[in-house]
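Number of protein chains: 2
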Amino acid sequence: MKIAIYGYGNLGKGVECAVEHAPDAELVGVFTRRAPETVKTHSDVPVYNSSKLSEFKDKIDVLIICGGSATDLPEMTPALAADFNVLDSFDTHATIPEHFDAVDRVAKESGHIALISAGWDPGMFSLNRLYASAVLPQGKDYTFWGRGVSQGHSDAIRRIDGVLDARQYTVPVPAALEAVRAGENPTLSVRQKHTRECYVVAEDGADLARIEQEIKTMPNYFADYDTTVNFISMEELRRDHAGIPHGGSVIRTGTTGWNNENKHVIEYSLKLDSNPEFTSSVLVAFARAIYKMHKRGINGCHTVFDVAPADLSPLSAEELRAHML
Amino acid sequence: MKIAIYGYGNLGKGVECAVEHAPDAELVGVFTRRAPETVKTHSDVPVYNSSKLSEFKDKIDVLIICGGSATDLPEMTPALAADFNVLDSFDTHATIPEHFDAVDRVAKESGHIALISAGWDPGMFSLNRLYASAVLPQGKDYTFWGRGVSQGHSDAIRRIDGVLDARQYTVPVPAALEAVRAGENPTLSVRQKHTRECYVVAEDGADLARIEQEIKTMPNYFADYDTTVNFISMEELRRDHAGIPHGGSVIRTGTTGWNNENKHVIEYSLKLDSNPEFTSSVLVAFARAIYKMHKRGINGCHTVFDVAPADLSPLSAEELRAHML
Chain P
60 MKIAIYGYGN LGKGVECAVE HAPDAELVGV FTRRAPETVK THSDVPVYNS SKLSEFKDKI
120 DVLIICGGSA TDLPEMTPAL AADFNVLDSF DTHATIPEHF DAVDRVAKES GHIALISAGW
180 DPGMFSLNRL YASAVLPQGK DYTFWGRGVS QGHSDAIRRI DGVLDARQYT VPVPAALEAV
240 RAGENPTLSV RQKHTRECYV VAEDGADLAR IEQEIKTMPN YFADYDTTVN FISMEELRRD
300 HAGIPHGGSV IRTGTTGWNN ENKHVIEYSL KLDSNPEFTS SVLVAFARAI YKMHKRGING
360 CHTVFDVAPA DLSPLSAEEL RAHML
Chain X
60 MKIAIYGYGN LGKGVECAVE HAPDAELVGV FTRRAPETVK THSDVPVYNS SKLSEFKDKI
120 DVLIICGGSA TDLPEMTPAL AADFNVLDSF DTHATIPEHF DAVDRVAKES GHIALISAGW
180 DPGMFSLNRL YASAVLPQGK DYTFWGRGVS QGHSDAIRRI DGVLDARQYT VPVPAALEAV
240 RAGENPTLSV RQKHTRECYV VAEDGADLAR IEQEIKTMPN YFADYDTTVN FISMEELRRD
300 HAGIPHGGSV IRTGTTGWNN ENKHVIEYSL KLDSNPEFTS SVLVAFARAI YKMHKRGING
360 CHTVFDVAPA DLSPLSAEEL RAHML
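Residue numbers (my numbering), protein chains in the order written: chain P, 60 to 384; chain X, 60 to 384.
Source of the hints: derived by calculation from the structure; they are not laboratory data.
Check each hint, because a few of them may be wrong.
[Unchecked claim] Cross-link-like lysine to any residue pairs, in silico, SDA-like; alpha carbons within 20 Å at most:
(1) X:K99 to X:N69
(2) P:K199 to P:N319
(3) P:K167 to X:E377
(4) X:K351 to P:A367
(5) X:K111 to X:P95
(6) P:K351 to X:A367
(7) P:K199 to X:E79
(8) P:K199 to X:D332
(9) X:K199 to P:D332
(10) P:K354 to X:A367
(11) P:K275 to P:V222
(12) X:K275 to X:E262
(13) X:K252 to X:D285
(14) P:K199 to X:H80
(15) P:K275 to P:I291
Based on the sequences and whatever the hints tell you, model everything.
What follows is the structure in structure tokens.
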């Protein structure tokens, strides 16, 4: 299948690498809103300005859109579904229904297939919430994130006056995780589930107490959490916090039996060295799936919930039954 | 949807309870090869002799076949697919392809839908092997079982002369689990992955040394493992080993990046108080799915790999997108 990438940030770079490692995919090109000559790809695949996309209408099986969820994807994914099979990692949970509807309308009209919100949350975590709740209808779901870098929270710290750079880690509270895993069904506040650890490089002579106070009281981002702030040097930041690790766990605890006497715990967990590269790998697997589904005549917008797992694999149905079942 | 159960052992009893807890399922009856008056159901649902099944041709949406994989299911599932949508938990991994073909032939001819090998392994574990390998093509899979009761191994001990009753636990080796979780990609022999713990009630005056020796050297079942044998009283067995817990983990470790420099660990794990009740809960979720698929005109044999996750849930596609994605 022929893949193209729209947007060449961390995610686009991850997709480039994941396509290279897929046995059945080739990369047609990278499309960017920047001047193409300023963008150098790792694999030497050609870079085009996004205005050239219309020339590739029949040369791309799936276009993977690697834009931001805040402003890029709500515009891009519906617009591009007019001419291409498209895939995105839209992750603003609250507005998924309207994004879905906008993409679905265009894709159905154009006869293309689209899949939104692939990745790990939304994505693999969502799948595990769904499977677990279908299997254990009497139960309770918990999602923990981390330990990992939250890019949005790191950015929020960087916008504070006197801050040169910052890295924020989201960390699950061990006691909360233990209580959930033990099947205790605790009711947990935001503060009881996660803590936030910040590593901040401040300008020389900056008022550190004021920066720390601004971080800890920032509404939505930090005010509802127990937050620790560590001031470090730029050298330490580069040496110790260069990666973009993440992960987490989806846990469902539930019961069966006439008197709910039997407890069960289902846990799906991820430990990822590179959040964008793992997300990219999920995207390429779902690109394969929608490519197969479109060949069977399916169009319109879909999510990870609508994809039969067999479609994600390069193996045949016979091979899967013989070796993976 | 109207469900019927064929076979009323531990699994059939679990299905009865799981159907009761499903918001959208009702139980039509239990079918048995025994004299129906000797079988008393928990929910007072009627019990019929299996010879009466033909009278229920249009009254059952999905027939869940709760028989053994060794001799029952290879006969029953293809035969019953002539008249019903059928579901089984066939778990002899090596002969899944031929069982699939036998069921598929009949189901396609009769226009019914069938799904084989639902449960947790095969079943939920298989799904997780597939998802993880599709997402991380460069990696390695590990499946650990336990700590849990292996019914086949317990039965094998009971057949030894001088043994009154026995319970066998399969236990993953902690060091092996740790090495896998740490991404060390170890190559593990059968002995290095699991140990076997046996609790045996012997007849008065039996030769305990001989029994222990017969267990530890039993080919296929115990000879390849480090096995410990504990002789206990019948009272202790009933008090401490009455449950049928099980569980385990499917772990895939893999890498991404141009130089495979980023490691990732995906783990799916189950801790189950009751193996048959959890398996039954999986069966009822997949019964819902094939019922929906058959209404869309799909027939023939399928596996868990062919089911879009959304079909497992009683919630609508809109509800799933809004609340679970």
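Hints versus structure:
1. X:K99 to X:N69: Holds: K99 of chain X and N69 of chain X sit about 13 Å apart, inside 20 Å.
2. P:K199 to P:N319: Roughly 14 Å separates the two Cα atoms, so the pair holds.
3. P:K167 to X:E377: Satisfied, since the Cα-Cα distance of roughly 17 Å is no more than 20 Å.
4. X:K351 to P:A367: Roughly 14 Å separates the two Cα atoms, so the pair holds.
5. X:K111 to X:P95: holds (11 Å)
6. P:K351 to X:A367: holds (14 Å)
7. P:K199 to X:E79: holds (19 Å)
8. P:K199 to X:D332: holds (16 Å)
9. X:K199 to P:D332: holds (16 Å)
10. P:K354 to X:A367: holds (17 Å)
11. P:K275 to P:V222: The hint holds at about 14 Å.
12. X:K275 to X:E262: Roughly 19 Å separates the two Cα atoms, so the pair holds.
13. X:K252 to X:D285: Distance ~10 Å between K252 of chain X and D285 of chain X Cα, so the pair holds.
14. P:K199 to X:H80: holds (15 Å)
15. P:K275 to P:I291: holds (17 Å)
In the structure shown, no violation is registered for any of the earlier numbered hints.
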